[in-house]
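Colleague: Protein sequences, first through last, are from chains A and B.
Anchor point for the first sequence: position 100 equals 109 in my numbering, and the numbering is continuous, going up by one each time.
Anchor point for the second sequence: position 119 equals 121 in my numbering, and the numbering is continuous, going up by one each time.
No lab work stands behind these hints, which were simulated from the structure alone.
By construction, the Cβ of each residue, glycine as well, lies at the ideal position given by its N, Cα and C atoms.
Keep in mind that a hint or two might mislead.
Unchecked claim - Calculated pairs, SDA-like style, for lysine to any residue (alpha carbon to alpha carbon, straight line, at most 25 Å):
id: 1; chain 1: B; residue 1: 144; chain 2: A; residue 2: 628
id: 2; chain 1: A; residue 1: 234; chain 2: A; residue 2: 244
id: 3; chain 1: B; residue 1: 144; chain 2: A; residue 2: 252
id: 4; chain 1: A; residue 1: 285; chain 2: B; residue 2: 20
id: 5; chain 1: B; residue 1: 144; chain 2: A; residue 2: 694
id: 6; chain 1: A; residue 1: 270; chain 2: B; residue 2: 62
id: 7; chain 1: A; residue 1: 270; chain 2: A; residue 2: 301
id: 8; chain 1: A; residue 1: 339; chain 2: A; residue 2: 676
id: 9; chain 1: A; residue 1: 270; chain 2: B; residue 2: 42
id: 10; chain 1: B; residue 1: 144; chain 2: A; residue 2: 518
id: 11; chain 1: A; residue 1: 270; chain 2: A; residue 2: 321
id: 12; chain 1: B; residue 1: 144; chain 2: A; residue 2: 696
What the hints assert, rightly or not - Per the computed footprint, the stretches of chain B lying under chain A, defined by three or more beta-carbons under 8 Å from a beta-carbon of chain A, are:
id: 13; segment: 4-13
id: 14; segment: 22-34
id: 15; segment: 44-55
id: 16; segment: 60-69
id: 17; segment: 88-95
id: 18; segment: 122-134
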Amino acid sequence: MGKWTRRAFITTGVLGGGALLVGVGLRMGNRNEELAPLVAGRGEQLVNAWVKIGQDNAVVAIIPQCEMGQGAQTALAQMLADELDARWEDVSFMEAPAEDAYANWSMAKGYALAGVNIPPILEGSVNGLLFQATKAMHLQTTGGSLSVRSTGVYGMRVAGAAAREMLLAAAADAWQVDSAELDARQGRIAHRASNREAPFAEFAAAAGRLSPNAAPTLKRPEDFKLMGRSKPRLDIPAKVDGSLVFAIDATVNGMKHAAIKAAPVFGARVAAMEDKAARQMAGVVDVVNLDDAVAVVADNYWLAEQALKSVRVTWSETDNDDRSSEGIFKQFAADMERDRAGGTSTEDLARGDAQAVIGNADNVIRRSYRVPWLAHTCMEPMNALARVTASGCEVWTGSQNPLGFKHAVAEALELEPERVAIHQHMMGGGFGRRSRPDVAIQAARLARATNLPVKLIWSREEDVRHDFYRPAVLSEFRAVLDERGNPLAWENQFVDKHEPVEAPHIPYDVPNQYVHFTDSPTHVPFGAWRSVDHSQHGFFTESFIDELAYEAGRDPYEYRRDLLAHLPRHRAVLDKAAQAAGWDQPLGEGRGRGISLQQSFGTIVAEVVEVTVADGDLTVDRVVVAVDAGFAVSPDGLKAQMESGVIYGLTAALYGEISIENGAVKQGNFHDYGALRMDRAPVIETHIINSMEHWGGAGEPGTPGSAPALANAIYAASGIRIRELPISRYELVPNRA
Amino acid sequence: MIELIVNDQVVRMDVPPDMPLLWVLRDHLELTGTKFGCGIAQCGACTVHLDGSAIRACVTPVGSVAGRRITTIEGLSRGDALTPLQQAWIAHQVPQCGYCQSGQIMSATALLAQNPNPGDDEIRTAMAGNICRCGMYGRIHKAIRAVADGAVAIWDPAAQGDAREVQHG
Numbered sequence: 010m011g012k013w014t015r016r017a018f019i020t021t022g023v024l025g026g027g028a029l030l031v032g033v034g035l036r037m038g039n040r041n042e043e044l045a046p047l048v049a050g051r052g053e054q055l056v057n058a059w060v061k062i063g064q065d066n067a068v069v070a071i072i073p074q075c076e077m078g079q080g081a082q083t084a085l086a087q088m089l090a091d092e093l094d095a096r097w098e099d100v101s102f103m104e105a106p107a108e109d110a111y112a113n114w115s116m117a118k119g120y121a122l123a124g125v126n127i128p129p130i131l132e133g134s135v136n137g138l139l140f141q142a143t144k145a146m147h148l149q150t151t152g153g154s155l156s157v158r159s160t161g162v163y164g165m166r167v168a169g170a171a172a173r174e175m176l177l178a179a180a181a182d183a184w185q186v187d188s189a190e191l192d193a194r195q196g197r198i199a200h201r202a203s204n205r206e207a208p209f210a211e212f213a214a215a216a217g218r219l220s221p222n223a224a225p226t227l228k229r230p231e232d233f234k235l236m237g238r239s240k241p242r243l244d245i246p247a248k249v250d251g252s253l254v255f256a257i258d259a260t261v262n263g264m265k266h267a268a269i270k271a272a273p274v275f276g277a278r279v280a281a282m283e284d285k286a287a288r289q290m291a292g293v294v295d296v297v298n299l300d301d302a303v304a305v306v307a308d309n310y311w312l313a314e315q316a317l318k319s320v321r322v323t324w325s326e327t328d329n330d331d332r333s334s335e336g337i338f339k340q341f342a343a344d345m346e347r348d349r350a351g352g353t354s355t356e357d358l359a360r361g362d363a364q365a366v367i368g369n370a371d372n373v374i375r376r377s378y379r380v381p382w383l384a385h386t387c388m389e390p391m392n393a394l395a396r397v398t399a400s401g402c403e404v405w406t407g408s409q410n411p412l413g414f415k416h417a418v419a420e421a422l423e424l425e426p427e428r429v430a431i432h433q434h435m436m437g438g439g440f441g442r443r444s445r446p447d448v449a450i451q452a453a454r455l456a457r458a459t460n461l462p463v464k465l466i467w468s469r470e471e472d473v474r475h476d477f478y479r480p481a482v483l484s485e486f487r488a489v490l491d492e493r494g495n496p497l498a499w500e501n502q503f504v505d506k507h508e509p510v511e512a513p514h515i516p517y518d519v520p521n522q523y524v525h526f527t528d529s530p531t532h533v534p535f536g537a538w539r540s541v542d543h544s545q546h547g548f549f550t551e552s553f554i555d556e557l558a559y560e561a562g563r564d565p566y567e568y569r570r571d572l573l574a575h576l577p578r579h580r581a582v583l584d585k586a587a588q589a590a591g592w593d594q595p596l597g598e599g600r601g602r603g604i605s606l607q608q609s610f611g612t613i614v615a616e617v618v619e620v621t622v623a624d625g626d627l628t629v630d631r632v633v634v635a636v637d638a639g640f641a642v643s644p645d646g647l648k649a650q651m652e653s654g655v656i657y658g659l660t661a662a663l664y665g666e667i668s669i670e671n672g673a674v675k676q677g678n679f680h681d682y683g684a685l686r687m688d689r690a691p692v693i694e695t696h697i698i699n700s701m702e703h704w705g706g707a708g709e710p711g712t713p714g715s716a717p718a719l720a721n722a723i724y725a726a727s728g729i730r731i732r733e734l735p736i737s738r739y740e741l742v743p744n745r746a
Numbered sequence: 003m004i005e006l007i008v009n010d011q012v013v014r015m016d017v018p019p020d021m022p023l024l025w026v027l028r029d030h031l032e033l034t035g036t037k038f039g040c041g042i043a044q045c046g047a048c049t050v051h052l053d054g055s056a057i058r059a060c061v062t063p064v065g066s067v068a069g070r071r072i073t074t075i076e077g078l079s080r081g082d083a084l085t086p087l088q089q090a091w092i093a094h095q096v097p098q099c100g101y102c103q104s105g106q107i108m109s110a111t112a113l114l115a116q117n118p119n120p121g122d123d124e125i126r127t128a129m130a131g132n133i134c135r136c137g138m139y140g141r142i143h144k145a146i147r148a149v150a151d152g153a154v155a156i157w158d159p160a161a162q163g164d165a166r167e168v169q170h171g
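Okay, chain B solo, but in the shape it has when bound (with noise of 0.2 Å):
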């Protein structure tokens, strides 16, 4: 019986302590916010919190993280309030498919936690480890550091080329 904190619950489970992590979130608590992409540590989808840091639920053994706190993407959120990361993911129209973006958040809510005004290559360096393949790299970077500078995230459409720019070719 393997005990873990995850999302401020206590819960326990019979599975084999070399289980990663990941498939214990998926499959036994049916917390799916958390995605497979690799299996391999190579591109983030899988990010989740432990004791507050960011780790690789694809590789990292359920036995390994017993009695810890672990926190999902399901567990950022305080009922329905979104964090301000959150909430600057929507006002800068961050995610495309969305599938890496829980991973994303996760890494950009531990970098923000461990270091609340991070330099633009800080940011570049510490988001390194989660692909997007949709590419949306610049908008991530934007909501970071609009939170980091603590700009209120609100849609703005105006700023996002809402006017028509018309220019006949």
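One chain only, chain A, in its complex shape (with noise of 0.2 Å):
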């Protein structure tokens, strides 16, 4: 199967910009015969591939996104219903199944195009192919932020106007009249002339023959009657009562259950297995040797845990087997030392001449940073159910990227992709994590090798040992300030390459950069962690910036801001967190201010931090966040994206490291891997600015600045300067889950 990477995708994106230029004539056309099978119900009218409506004139839209606590499905129906003209009472939505048919190639679009702007003309040629890549590469991803800014600006939007120009063709057509005198609102559309007024669904059959424009007009931010209100979530009563039924909760007939130990160090193997006596527990169905993991088959998943606990398992030898956290770290610093002696780094930003200037300078201030790998602990540990039959194979649970996930099983299985099918749950989080397949895998398998439904859940210590991790880092910086105190050359090198690719890179007006990477692989599983290279370079470079600003006897504030004089959107953002969390008031003794902005996914986000440091003890009092996504579809929801998005970094920032001992984790569940808590959390406020630019995402931008704001405040409050993380490393943290 082709293997989906981001960078992958803009490669795919660019050749594939190259090409329909030259008019690649594939046009989307009219798809609902082929896409009705597998959405539409009995009443249920498919107009476009995005929204049927029923007789009743119920709205549905089929989102190809999925949930994972982000509200993406509630904002995106939004988005679809408003250019649609529908009454918000009628709406609901549905997830997009995991079919080719239905990749996402609206995401695709947005961030492979980002930016670009199509001539209408050329709109169906830009869509036909790049769905022809996104089927190809099995795209239905949540992940990136880019629910509302790609799959809702170029996927919802679109699809809700076109239905409504079809549903417009089609009323003017049966109605005889021309359409320019039919008005779409509320659900119904109206003849002004003659007084006639009928509902879309009246309609809806008629339109469902005809063919979307690709490039239909969209509204007006002036004429949203839906983007930009707070509409309560579509998904939450259900989530107050325990009715909700996520994948860990689903059932099939004669389901059995599952617990499993993998191999504790990376690469590992099932060398020898003593199962004896887990299989003389009544009620044990199967002790499975997975060669990189053993499972054990139950009739309720306690009984699959004790017998799993009986289970002696000799794993094979490694070559990673002596590794540790601190015997890494001495890798990155040796390798970055070798790369920078012989010049053999890879140049990532290049800005004047960075290294002329330090290397003739008398006066350059060094830092050196790191932080560690990091889990994503998602609040429902991973699972999946499994049936196996002569048909196929089914697979219940909670992916960031279903079709994925159906042609990774049916890779897995050696099955016909078409006989793999994915029931998608809305997950109990994802933060990167649920982006990865292994889980539903491994059902798989043990679905076939007892022949049974197996529900295989994974314990905590499971989940925090075998995540696919933020990396560990170690960037090391070097600057060299003008007669103002100003950088004049700013040098960045670090580990550890991935995406976003401008995650590194400053907005501050610096005339000399040098950023570039050293590659210093390690057998730790990397994987997208909510922001990505955002979490680690925000904490980098927003804590040297800080520096640099004391250095040069500044407020770090005002430093920034006259660094930003050529990115007024930055600026504005960040004179609103200042202004809001009162930056010009002095706080008392022990307590500080810290700053921060960093632009990720398209958003542009600043957050103030308030501390006291105080008999040893650290408390975050207050967090204060400016954001600026463009235009906030869903004000309530951003707001809540970003209070989730800096607790998510502040418990990082505070407890959280995974480490490596003897090539394995050392940690398991939340008493060693801590959590911040109600008892701790800060109070958080968020001010959002509507500039109407670009929009951006919302799930991920709130992270990344959490940690350097924390750290420059409690510089600011205590004189520690933190360049570690996680900080209760440091004295002034107490130790605690």
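Two chains, two frames, some hints: make the complex.
Modeller: If you want it as structure tokens, here you go:
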């Protein structure tokens, strides 16, 4: 199968971009005959790929993004319904099925063609070409904070507006009038001159036979009726009474339960297994050797867990058995030094001649920062239920890429993809973790091995020890200030480069910049962790600019502000956060404020954190967030995402550390991989700026700025400069789970 | 045979007495609103009521609560009527992923039953056993505060930023 990576897609997108301009004639056309059997029930008419209308005028938005708590599905339904001019009370949503026909090309379009204006005449070609590319990559991913800014902007709005045009055309035909004389409003179409009026449903069937316009006229912001309004999330009522069925709650007849233990050292295998005691326990169905893991299948989960404890496994030796965190950080330092000496690092960004300026300067400011690996610890432990029959395989799970899972399971079981069905569930957290199909594949293999439906649930210890981790990173800086104290040269070298490519780049006006990186691979699996590379580089760059401000004897907010004359949006966001936080109001003894600024996923966020450091204890009192996402489709949803992103970032900054001992992860549960809890959570205030510039994402941009703003606040309060995370390593924070 | 009173119903089951209540509820009684999160009483996702007090079902052997009254999230509301706390959860748009919320609501319900008008610090302390990885602590706090203050819980878009905040940067 074609393995999807963000970088690979950019490449494909560029190729596509080159080809489409010569007019590859792939148009979307009317696909309803192909799609309707996948999504439309009795009495429902598919108008175009993303919207169906029932006889009762119920509008269902078909959403190709998953729900893991971020509220995307409601926001996307709002976008479609607004362009359609539906009545909100009539609107619900369903998640697009994990079928190739529902590959999410509109998300890919936003990502690959960000900021590219496509002439309307080429829209159909672009869409068709991207659809083929995304279908080939089984792309239905939810990540990259792309839901609103790509799927919403390029998919849901267009689909809603196109469906509206189709309904109007069908009504014009039925009433034999010019469609320009018709109005669509609140789910009904009206003909002004004759006073005729009818619900959408009356024209849905005829509209569904038309071909959608790939570039319909979209509403201007002043005409928005639903976008820009906080609507209650459609998924919330089922989340307050225990009725929402997560994948971990799914059941099928005859289902057995499985517990699993994977090789502690990544890459190790089962060398020998002693399972007699487990097999003798009443209710144990089977003990299965999955080569890199051992699982017990039993009548209930607790029994499976108990039996698993009695299985003795000898794991194979690997080259990584003696690896440790400190050894790996030494490797990073040595590899970086080797690259620096040999000039063999990879250039990431070069402007002016930073190395020459630094080489000729007497007073070079040098700093080094590091962050550890991080696990995601979604509240819902990893799980999947699978059933394998002669006709194929079904998997009940929560996935950030259901279509990708379908193909991954098919490949693992050597089945044709059309014989694998994914029953997608809302996720108890995702944060990037649920983009990986490892658990779904394990469940499918257990179901096949036992010939029974099997629900596999990972223990929390498995979850912490077999994640795909935010990498540990070492980052070193050198800078030279000019006579006014502004940075004249900025050099940054770090290990491990992933996505987004711009994550290490600063917005500040520094004439000489050199950013470069060293590849220093480890055996610890890499994964996208909420905000990906921004999570570490936000901490590094926003800590170092803060240090430069203090070196220059300047206020850290004013210092940043002065370096942003060329970026008025950034400056406005920074100003908003500082003003709202009362930056110029002095705080008492032992208290301090820190500020950060970070653009990520198309959204600019500034954060001001207030702390108290007293009696060896740290209290995070307050966080003020200013955010410019271009336009807030759901203001309360954007605020909720900022609150969530801040807490996620603070948790990692304060407590988050996965360490490696003897090749394996040391931590195992919330007692040693702690989370911020309500008793120590700050008050968070969010201020939204609608600049009406390009729309940005919401799920991730709140996370990167909280660690540096916190570290900068600790410095302001105590003079202790945090250069290594988590902060619990320092004396000022009591070690607590 | 172990007997329990779960959500006002007497249930009898043939399960080992050392089996945690959590798995009895989920696998035997199919009450899946109570969640597994950590298995060691660190996250609070499995919180239920034992005779009205919050306990962690994942570390409670079912034999130790034989004959006692257990209430789960499914037994909180009467029929379709949500409790004031559940309504406040909607009004304040508390849940994101929602996975921890059964436990959060069970802890908050027990708190208000024992202390109908807790101070802010009492709320923070009482709720510290429940982790929310989506970080909705501020909203949880506000929802509890609203019920303690007797505020009517109705979704009010205006209070949630429905008014557009437009400022050209």
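Colleague: Take the hints in turn and mark each one as holding or not.
Modeller: Structure-based check of all given hints:
1. B:144 <-> A:628: Since the Cα atoms of residue 144 (chain B) and residue 628 (chain A) sit roughly 20 Å apart, the hinted pair holds (cutoff 25 Å).
2. A:234 <-> A:244: Distance ~21 Å between residue 234 (chain A) and residue 244 (chain A) Cα, so the pair holds.
3. B:144 <-> A:252: 23 Å, holds
4. A:285 <-> B:20: Satisfied, since the Cα-Cα distance of roughly 22 Å is no more than 25 Å.
5. B:144 <-> A:694: Holds - the C-alpha atoms of residue 694 (chain A) and residue 144 (chain B) are around 13 Å apart, at most 25 Å.
6. A:270 <-> B:62: 24 Å, holds
7. A:270 <-> A:301: 9 Å, holds
8. A:339 <-> A:676: Since the Cα atoms of residue 339 (chain A) and residue 676 (chain A) sit roughly 21 Å apart, the hinted pair holds (cutoff 25 Å).
9. A:270 <-> B:42: At roughly 17 Å apart (the allowed maximum being 25 Å), residue 42 (chain B) and residue 270 (chain A) satisfy the hint.
10. B:144 <-> A:518: 42 Å, violated
11. A:270 <-> A:321: Distance of about 11 Å is within 25 Å: holds.
12. B:144 <-> A:696: Distance ~18 Å between residue 144 (chain B) and residue 696 (chain A) Cα, so the pair holds.
13. 4-13: violated (count 0)
14. 22-34: holds (count 8)
15. 44-55: holds (count 3)
16. 60-69: violated (count 0)
17. 88-95: holds (count 4)
18. 122-134: holds (count 9)
Hint compliance for this structure: hints 10, 13, 16 are not met, and every other hint is.
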